[in-house]
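Protein chains in written order, with my numbering: chain B, 1 to 163; chain L, 1001 to 1290; chain R, 2001 to 2791.
Don't read these hints as lab results, they were simulated from the structure.
If you're wondering where the values come from, they're calculated on a predicted model, not measured in any experiment.
Some clues are possibly wrong.
Once the Cα atoms are required to be at most 20 angstroms apart in a straight line, the calculated EDC-like pairs of lysine to aspartate or glutamate come out as [stated by the list, open to error]:
1) R:K2657 x R:D2714
2) R:K2103 x R:E2077
3) R:K2657 x L:D1205
4) B:K16 x B:E32
5) R:K2657 x L:D1192
6) R:K2662 x R:E2446
7) R:K2350 x R:D2287
8) R:K2657 x B:E130
9) L:K1029 x B:E3
10) R:K2657 x L:E1150
11) R:K2662 x B:E147
12) R:K2092 x R:E2155
13) R:K2350 x R:E2188
14) R:K2662 x B:E130
15) R:K2662 x B:E127
16) R:K2103 x R:D2159
17) R:K2657 x L:D1258
18) R:K2433 x R:E2445
19) R:K2596 x R:D2582
20) R:K2092 x R:D2357
21) R:K2393 x R:E2304
Chain L side only, calculated, beta carbon under 10 angstroms to chain B, not exhaustive [as the list claims (entries may be wrong)]:
22) S1007
23) P1011
24) A1104
Glycine is no exception: its CB is placed at the ideal position from the N, C-alpha and C atoms.
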Amino acid sequence: MAETITVVLDVNGVGKEISVEPRKTLADAIREDLGLTGTHLGCEHGVCGACTVLMDGEMVRSCLLFAVQGAGAEITTIEGIGDGGELHPMQRAFSEYHGLQCGFCTPGMILAGIDVLRRNPDPGPQEIREEMGGNICRCTGYQKIVESVQAAAAEMSKEGVSA
Amino acid sequence: MKPAVFSYSAPESIEEALGLLAEHGSEAKVLAGGQSLVPLLNFRLARPAHIVDINGIGELSYISSNGSLRLGALTRLTAVEESGDVSSGHPIITRAVSHIGHRAIRNRGTIGGSLAHNDPAAETPALLLALDSEVTARSAGGERTLSAQELVGDRFFETSLGDDELLTEIRIPALAASSGWGFQELSRRHGDFALAGVAAVVTMDGGAISSAALGAFGGAYAARLPEAEAALVGAEAGEAAFAAAGERAAAEFPTTSDVHGSEEYRRHLIGVLTGRALAEATSNTGGENG
Amino acid sequence: MTATQSTGWIGVSAPRREDALLIRGRGRFIADVSPAGALHLAVLRSPFAHARINGVDTSAAESLPGVHGVITADDLEGIGAFPTVWRLPGQKECHTPALAPGKARYVGEPVAAVIADSRYIAEDALDLIEVDYEVLDHVVDVEAALAEDAPVINEHMGDNVIIEYTFPGINALGVAGDLDGAFAEADEVITGRFRIGRYSGVPLETRGLVADWDDLRQTLTLHSESQVAHLLRTELAAALGIPETSIRILTPNIGGAFGNKWDRYPEDILVSLASMRLGRPVKWIEDRRESLQATVHGRQQLQEWQLAVRSDGALLGLKGRVLSDQGAHLHSVGIGPAWVTGAAAVNQYKIANYHCDVLGVATNKTPNSTFRGFGGPEAMFGIERMVDKAARKLGIDPAEIRRMNMIGADEFPYFSPGGAVYDSGNYPTALAKALEAVEYDRLREEQAALREQGVRRGIGIGSYIHVSGFGPSAILGMLDYYTGGYEGSTVKIDPHGRATLYTGMIPMGQGTETTLAQVAADHLEIDIANVRVVWGDTDQTPYTGFGSAGSRSNVAAVAVIKAIEEIKAKAVRIGAGLLEADPEDVAYGDGRISVKGAEEMRSLTLAEVAQQAYWGHKIPEGDQPGLEATYVYDPANFTTAYGTHVAVVDVDVQTGKIDWVKYVVVDDAGTIINPLLVEGQIHGALAQGLGGAILEEFVYDEETGQLLSSSLMDYLLPSFTDLPDFEIHHLETPSPHTEGGFKGMGEAGCFPAGAVVANAVTDALSDLGIEVDETPVTPARLWGLINAAGG
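When you get a sec, could you build the whole thing from the sequences and use the hints?
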């Protein structure tokens, strides 16, 4: 049996100690060891963005990090978005504006959208397209995702919510 | 697409890292941002026996400016992109870094990692060549200074660093007040590696060009374009000079072909983008495009 | 629209019930299915395009700790292979076992499989398998594959022609055209030779399977993303040699399929077999590299056309030859897509004289099979490029030549010489509407002015038809397509008056669960919240051999309507007894069963009648207790969706890069169930059409036979900044062939996209005389044309 390392991952505000091989990716650890399967794997080489999580508030590819590197960071996955049972405005907007079809890219998209609005609460369509360009959707053609993010931005500014 | 087995250490100081590199030698690979290395590991195209993860070495991450710029090798690309120190003195770096991958990649990717990976289609090596940068490399045995040219010149996907050496700092000299810059890149998609790209820095004396530095990428390796640079010195800025420089650039660029474009096409693009980068550079001398 | 609305659910943008889980990350995709004790399978794939396999040494792999077994071709004795469902006359026998038997024919063909404690260890074990390959000459170009001395990929075939099929130009009424006469009459014969690139659906979620064999019950539970679970069950039972009654297929959420997951694959057998032999659940999740190498590719054709035209613009006759680059062997649908190309090539035009030869040709590449569009976009590329070429040659505006040759609104049903029957539509109106939306005349003036300023703007038009709703089954039989074209639906009303609907359709992003619930709510006239849709379990849902596709919801919707009609009739019979009225005087309306004219006084709710139906105390003579119905709807005929797209682009002649200016779609998919979801489908299909037009391509190295596009850094999926905003307009001509008037629409968006882009770019560069006849139109390819033209 290969060497394993014990690490504490703080995901969605809950710390959990896991024992993993150093080669195990953060994405696999989140999915398999923490059972949070909302983080999806679409390419495992950093192109598609389906595995996007927030690490200390910034979006990163969890397929390009090892679980052992997650120690000490606050990690947020799609399961940690929203306030208790309440959906995040970004989640509501994706549903309302049909910003998802199969839903596979959606967790990463929603997290990326939140990250974009954190940096600019009122982005135009072109800026959204450029800032979210690292997340691939194969179903929607993107237009309705752009509309969803814009709608979420409007909703959040109305509610005074920051991303 | 899961990595092969490796052993792992996460040193907390440069000295500790250098000790590990000395111990593991060619068996070890340094893990910085991991945005290029981890895909290679996942594809099992790289199979180092040992990974030295330097992300815990806080002293490798800094931006310091007093005209010239010092960047710790582990400085994240996002930090470089958002730094006022960088954009005020070296706006060409801000622009070039914004072309690297996407936000999520830049949040982890580091300036030193991008340079040391030395992908011939990447922005960083050519940019730092054009800016006459130099770097510090340290090993357990000591420290040395290399020019960017000495580090990456004529090489691809490797550098002149020894197995026991760690890139620790990148230094970029101040740009002259009368200088201007241009950065032009063509890629298949936003954020992709370049089909071709050119970073240009020119210094003006009235309407004439007094010096030019051109760094090109998207070929066999990142390269300065000395013939084109020479042709520009003393020339009046304008379409004729740019076109002549573009022709020389195309001729001297070490081109290559891949699935996205032939040698001939990339050579042509270097010519076109050289002209465009020069037009941009000569139009913003004196910091107009800061 | 309020939450308690009980009628009028068709035609509204009802929110998707699928979303609640997906936006929370609580969808359950195949990789999320993890039975306790599951082992992980990984597949060893051929690194060579063509190689004899002289031996496979698995000993080192088997002795690696954590490895539970290795399967090689030798272990497949007694195990069958999947057939092609479509077996056109003359098709040579294709038999492809789950593991390459003695020879690998493409990079990525499965050679062996390992089962281990984890995917990580399984991949470690793959590294330890030693295969003795004897590399053979390969061929990856379709024309080279036809050469006398080409390496023969399937030796038993004798050469690389798998099938040659001819469309003789006889319509469904048996009327033959006069092709020679048409060409004799022609003032000009326009020729075209088109290379349509190889690309595919590339769903963001790769394929995957979880098999769980219960040795005591002798049952296999297979979690599969198949778009056609029942057909998989049938074929898997045959291949494994176990009763079909032993297999239950469960479908999780599907992360995109786009036709690619319609096919049966070797892994269906390997994963099932591994579970049966090891007595443990076995899971396989395809990784991205395998997915690009081993999930079916699509589209690739080399077409040659001749179009006979009169100087006044009349299109007289069309003659063609389509070489379909099939890859190493036929997959589940045979040469189906190429057949559709031949059947649809005359498009919206009154070209009565037609002939087309379609050849399925083997090459050392991944099989070319089912992908959204299924031969239609290829057909549209050919004809729409040809029409543009004719317009240019004759000096007629490309919009005008289309208009004057289109089938008129009063000419339906139209019997095309490709053999199809077009049901309805108004083609000229769709074209006119598209031209109006882009302000075509103003655009042409603007184009001329910009040209003066050195800006090369191009306008591309593409019209299309999409024949969908395949059926009736008897026609499929005549086409040697060995499954049915029907869809079934079971609707059960519970004693509280709520409906559960069982469908063989599988939602994979298109919102089928929502749209079928809308149809049911609309026809039962109850609140949509009171309709549950059950899918994805072959133990519960009606058999479908055609399965789920974007263009099948129309057929499934009719099955729902018909089942509900039976339920309503029965509710009326039972209700009449309870109301002590003659059934003739009782009607169903607004979710109630009422005496006509006395709705206020003598009326029962559906729940009241349903309760009685289940008590069974007062069931009319001849009826059974309960309130449910199953209806299997076999379509009366195909439906034809159609439309016109217009793209406006700017081309940078120095770099070959294309920038979007505008993209307008006018389409007609009959009655629309949910406008928001229809728009989503058009956007998505269009994105895939445009992806293949400018970015996506599986490139093979001629020298080595290697697939060069085996990562998403080299196979380029369109991202946010690669696509324009789409402007969409609808016509709504209900199909006369289907109850409800629905036509299939989930694919149509991709049909004209390639042609539209090629036409627009050609138009932008008209002064250089460049013809864009190959896709994708990459910057490198386009600059090559520009450079050759001296631009």
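Comparing the hints with the structure gives:
1. Distance hint between K2657 (chain R) and D2714 (chain R) is fulfilled; the C-alpha atoms sit about 18 angstroms from each other, no more than 20 angstroms.
2. With a C-alpha separation of about 16 angstroms, the suggested pair K2103 (chain R) and E2077 (chain R) falls inside the 20 angstroms cut-off, and the hint holds.
3. Distance check on the hinted pair: K2657 (chain R) and D1205 (chain L) sit about 35 angstroms apart at the alpha-carbon level, beyond 20 angstroms; violated.
4. Between K16 (chain B) and E32 (chain B), the direct Cα distance comes to roughly 13 angstroms. Compliance with the 20 angstroms bound is thereby established for this hinted pair.
5. Pair hint K2657 (chain R) plus D1192 (chain L) holds up; C-alpha atoms about 15 angstroms apart against a cutoff of 20 angstroms.
6. Using a Cα cut-off of 20 angstroms, the hinted pair K2662 (chain R) and E2446 (chain R) holds, with the two alpha carbons roughly 14 angstroms apart.
7. For the hint linking K2350 (chain R) to D2287 (chain R), the alpha-carbon distance of about 47 angstroms lies beyond 20 angstroms, and the restraint is violated.
8. A threshold of 20 angstroms between alpha carbons decides the hint, and for K2657 (chain R) with E130 (chain B) the separation of about 18 angstroms falls inside it, so the pair holds.
9. Between K1029 (chain L) and E3 (chain B) the CA atoms are separated by roughly 18 angstroms; this keeps the pair inside 20 angstroms, and the hint holds.
10. Taking the CA atoms of K2657 (chain R) and E1150 (chain L), the gap is near 35 angstroms; set against the 20 angstroms cutoff, the hint is violated.
11. Under the criterion of a C-alpha separation no larger than 20 angstroms, the hint pairing K2662 (chain R) with E147 (chain B) is consistent with the structure, at around 18 angstroms.
12. A C-alpha spacing of about 11 angstroms is found between K2092 (chain R) and E2155 (chain R), which places the hinted pair at or below 20 angstroms, so the restraint holds.
13. Between K2350 (chain R) and E2188 (chain R), the direct Cα distance comes to roughly 17 angstroms. Compliance with the 20 angstroms bound is thereby established for this hinted pair.
14. In summary, the hint linking K2662 (chain R) to E130 (chain B) is supported, as the alpha carbons are separated by about 18 angstroms, within the 20 angstroms threshold.
15. Distance restraint check for K2662 (chain R) and E127 (chain B): the Cα-Cα separation of roughly 18 angstroms lies within the 20 angstroms cut-off, and the hinted pair is therefore satisfied.
16. Straight-line distance between C-alpha atoms of K2103 (chain R) and D2159 (chain R) comes to about 16 angstroms, which keeps the hinted pair within the 20 angstroms bound.
17. About 18 angstroms separates the Cα atoms of K2657 (chain R) and D1258 (chain L), which keeps this hinted pair within 20 angstroms; it holds.
18. Among the hinted pairs, K2433 (chain R) with E2445 (chain R) is consistent with the structure: their alpha-carbon atoms are about 19 angstroms apart, no more than 20 angstroms.
19. Among the hinted pairs, K2596 (chain R) with D2582 (chain R) is consistent with the structure: their alpha-carbon atoms are about 10 angstroms apart, no more than 20 angstroms.
20. Between K2092 (chain R) and D2357 (chain R), the direct Cα distance comes to roughly 17 angstroms. Compliance with the 20 angstroms bound is thereby established for this hinted pair.
21. For the given pair, K2393 (chain R) sits about 18 angstroms from E2304 (chain R) by alpha-carbon distance, which is consistent with the 20 angstroms threshold.
22. For S1007 (chain L), the interface hint holds, since its Cβ comes within 10 angstroms of a Cβ in chain B; the closest pair sits about 6 angstroms apart.
23. Because the beta carbon of P1011 (chain L) sits about 13 angstroms from the nearest beta carbon in chain B, more than 10 angstroms, this interface hint is broken.
24. Annotation: interface hint on A1104 (chain L) holds; nearest CB of chain B at approximately 5 angstroms, less than 10 angstroms.
Hint violations for this structure: numbers 3, 7, 10 and 23, all remaining hints satisfied.
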